[in-house]
Amino acid sequence: MRYKAMFAAGLAIGYVLGTRAGRERYEQIKRAAQRVADSPSVQEAAGLVGAQASKVAGKAKDLAGDKLSGKFLKKQGSWEDERVGVATGWPGNDPDRIT
Numbered sequence: 001m002r003y004k005a006m007f008a009a010g011l012a013i014g015y016v017l018g019t020r021a022g023r024e025r026y027e028q029i030k031r032a033a034q035r036v037a038d039s040p041s042v043q044e045a046a047g048l049v050g051a052q053a054s055k056v057a058g059k060a061k062d063l064a065g066d067k068l069s070g071k072f073l074k075k076q077g078s079w080e081d082e083r084v085g086v087a088t089g090w091p092g093n094d095p096d097r098i099t
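First residue of the sequence shown? That's 1 in full-length UniProt numbering, and the numbers climb one at a time after it.
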């Protein structure tokens with residue numbers, strides 16, 4: 001029983017010391033990342049990338065809208081035309097006939 005208590009105490013001490021050291025390292029990494037993110041050159045580059053991404057997204061949206069609207073306009077009113085001559089699985093040519 002004494003060994004279990006010593007082992008548990010060792011785990012507790014290791015956990016406390018490890019979390020304290022881990023927290024300090026985390027704070028150090030966080031400060032370094034914040035300095036990089038706040039630098040003027042990084043801010044300028046992020047602004048340029050954001051503007052370019054907005055342009056590309058706008059062009060893609062317009063292109064997709066043009067392509068899709070063309071397909072929908074071609075298909076509009078063609079339901080009855082597509083129904084003629086289509087095999088329905090029913091005997092005979094009348095698709096509305098119930099047997």
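Hints are not guaranteed to be accurate.
Between beta-carbon pairs, the in silico distance windows are [stated by the list, open to error]:
(1) Ala37 x Lys59: 25 to 31 angstroms
(2) Gln43 x Gly10: 46 to 52 angstroms
(3) Arg23 x Lys55: 39 to 45 angstroms
(4) Ala32 x Ala53: 42 to 48 angstroms
(5) Arg2 x Glu24: 50 to 56 angstroms
Calculated from the structure, these hints are not laboratory results. Heads up, the beta-carbon is just placed ideally off N, CA and C, and yes, glycines get one too.
Enumerated hints in conflict with the structure, sorted upward: Numbers 4 and 5, in rising order.
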